[in-house]
Amino acid sequence: MSAIEVGGKNIALDEDGFLADIGDWNEEVALALAKTENVDMTDAHWEVVNFLRDYYAEYKIAPMIRILTKAIGKKLGKEKGNTKYLYELYPAGPAKQACKIAGLPKPTGCV
Amino acid sequence: MSKTPPPAELAKISHQPPETPWMETPVEFRPGTWCYSGKPKALEALGLPNVREWSPPDEDWKLPEGWQKIIYEGFKDRLNKYRSLKIFMDICVRCGACADKCHFFLGTGDPKNMPVLRAELLRSVYRKDFTTAGKILGHFAGARELTVDVLKEWFYYFYQCTECRRCSVFCPYGIDTAEITMMARELLHLVGVNINWILEPASNCSRTGNHLGLQPHTLRDSIDSLCEDIEDVTGVHIEVPLNKKGAEILFITPSADAFADPGIYTFMGYILLFEHIGLDYTMSTYASEGGNFGLFTNQETMKKLNAKMYAEAKRLGVKWILGGECGHMWRVIHQYMDTMNGPADFLEAPVSPITGTKFENAKSTKMVHITEFTADLIQHNKLKLDPRRNDHRTVSFHDSCNPSRAMGLFEEPRYILKNVVNNFHEMPENAIREQTFCCGSGTGLNTDEYMEMRMRGGFPRANAVKYVHEKHGVDLLSCICAIDRATLSTLMQYWIPMVEVAGVHELVGNALVMEGEGERTTDLREEDLADVEGEEDAV
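From first to last, the protein sequence lines stand for chains A and B. Residue numbering for the first sequence follows the numbering used here, beginning at 230 and increasing consecutively. Residue numbering for the second sequence follows the numbering used here, beginning at 50 and increasing consecutively.
Since the hints were made in silico from the structure, they are not lab data. Treat the hints with care, as some may be off.
Stated by the list, open to error - Residues from chain A shown here face chain B by an in silico Cβ test under 7 Å; the list is partial:
(1) Leu242
(2) Glu244
(3) Phe247
(4) Ala249
(5) Thr337
Claimed, not checked - As a list, the in silico PhoX-like pairs of lysine-lysine whose alpha-carbon atoms are at most 20 Å apart:
(6) Lys335/A / Lys325/A
(7) Lys125/B / Lys184/B
(8) Lys118/B / Lys130/B
(9) Lys293/B / Lys368/B
(10) Lys118/B / Lys52/B
(11) Lys335/A / Lys52/B
(12) Lys90/B / Lys135/B
(13) Lys52/B / Lys325/A
(14) Lys201/B / Lys161/B
(15) Lys289/A / Lys90/B
(16) Lys335/A / Lys130/B
(17) Lys431/B / Lys412/B
Positions of the beta carbon are idealized from the N, C-alpha and C atoms, including for glycine.
Build the full structure now, drawing on both the sequences and the hints.
What follows is the structure in structure tokens.
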């Protein structure tokens, strides 16, 4: 298992660089994770990450992409409520990159 | 995660065997060809032994003390318990009929992916430990000791089999290679050798009722969100009953249908259908998974995960169970459930409340496949369908391995498709029906770190799709399995990016003319329909 050093503390990661323990997450950790993905965090990026974290707090799973785009669309206007907007922010895929930065585990099963 | 080579590179497949004899060719754990090991949390939840952190490329797998004896005893138990295993170990004459039938062999060129040789990995140890000739003659009788390298070989190749059973169709003895793989995986579990992508869904399912780990409120909100989407497209407001006692029918489908793209569109199709015919049904937040990753783990886990179907049917007091578009779920239901968790005498032999058809084939399990149910509705002219709403698509059908080879479901999905789609083309005959090619990612191998092997294993399927794409312009591959919906999408993106994937009931949902609906300008994916008026003029 690999790790990432943030503020002098070693944070454990899984094989794909996701947080091993979601309890280790804070904004500083998020910035360090974003760096591993070459993502510069702007307000727009944080909006997505914060939505993911709120969703996870309520449902204990990352939302499906359709729920994410719908929520963004409702909040920021219809022109942003689509996967294109999310891919502009997270080019390697919102499900993987944004979830990783938000500290969420990957969903499993027939997905 | 490893980077998958580009298609042009992957398509260069050498069928030249290695120079060293097979027993002297050890496994190389190259990234992209193996799955991550089972996490301690999942093993603990399922009560599996030898919980630890380890990784397949590690030299030391941290096997328990006396691991050879554990496997020996486990093998002995299973040979006594399953007569089929004993027969399959003894009767192969190595005729080679299966050799080039496996999608992993076709996609890798690795001789150990010939089903005969994959089984031989286990048989060689069987001969050494359980046959007189093997005990005395050893190597000369094709026997060998179980060493760490042999165990590593088992792990590598028995997780390069998707239990699809295409090879079994061609075996003159009917050897069921899926059962051999199941046994090998069971033996590996005894010493804590397994993969996380199977164990975590199985553990989730054991805890929350489904593979994704959706809790009741998550499922409720997700389904409500899909109902909003249906209303946006059709103008029809639908509510899906959950945990409704006294409903006539319990509907169980893979959890991915309610929570993952493109399964969600199949889900919309189901509930549009139920609304269309006014079905008295309920879904359950407890029995909220059709699939059963226990089938890929061991018999005990499979039985436990399956038990909730009958238990929930009893609690809710329904008459019978309707099952959704899932693949391996139907192997469990059709071949094991009745004797494993039945008989379900508290249920009634299934009768369609709309047509009165008695599903004789399901009178024992009390569980009907949704394509049987829908095909019967169409046969009795109970559905108002406008297939022109799928005219923007040219469709083919991928027979999902288990519904086709484990239950012989060939005609029903095709009958439905012919009634809801105008542009339909079959793939070549050696790639459909009982000869169908696997998606390459079944039996819980649909994980990202295994991508190169998935794209190799799916190559024969992709090739057949490419043929109909080029010949007939097929741009939508329909199927009746949730793993397929997820994995074929990835496979198509890699090999034939112009083709998308859909469940059969998504196409039903598009075609259904609902009472009180608004004008439909898009399909369920909110993509524009073909110009229906124009097409009518052209006829």
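Hint consistency between lysine 125/B and lysine 184/B [alpha-carbon to alpha-carbon, up to 20 Å]: holds (15 Å)
Holds or violated: lysine 289/A to lysine 90/B, with C-alpha atoms at most 20 Å apart: With Cα atoms ~16 Å apart, lysine 289/A and lysine 90/B stay inside 20 Å; holds.
query: Is the Cα-Cα distance between lysine 293/B and lysine 368/B 20 Å or less?
result: holds (13 Å)
Interface hint outcome for phenylalanine 247/A [beta carbon to chain B under 7 Å]: violated (11 Å)
message: Does the closest beta carbon of chain B sit nearer than 7 Å to the beta carbon of threonine 337/A?
response: Constraint on threonine 337/A satisfied, holds at 5 Å.
- prompt: Keeping to a limit of 20 Å between CA atoms, is the pair of lysine 90/B and lysine 135/B held or broken?
  reply: violated (34 Å)
message: Just to be careful, I want the Cα atoms of lysine 201/B and lysine 161/B compared with a cutoff of 20 Å; is the pair within it?
response: Judged against 20 Å, a Cα distance of about 13 Å means the pair holds.
- request: Measure nothing beyond the straight line between the CA atoms of lysine 431/B and lysine 412/B; if it is 20 Å or shorter, mark the hint as holding.
  value: violated (23 Å)
message: For lysine 52/B and lysine 325/A, compute the direct alpha-carbon distance and say whether it is at most 20 Å.
response: holds (15 Å)
field: Restraint satisfaction for leucine 242/A [CB to CB of chain B, less than 7 Å]
entry: violated (12 Å)
message: What's the verdict on lysine 335/A and lysine 325/A, does the C-alpha distance respect the 20 Å limit or exceed it?
response: holds (8 Å)
query: How about glutamate 244/A: closest beta carbon in chain B under 7 Å, or not?
result: It holds, given that the least Cβ distance between glutamate 244/A and chain B is near 5 Å, below 7 Å.
Against the hints set out earlier in the document, violations occur for numbers 1, 3, 4, 10, 12, 16 and 17.
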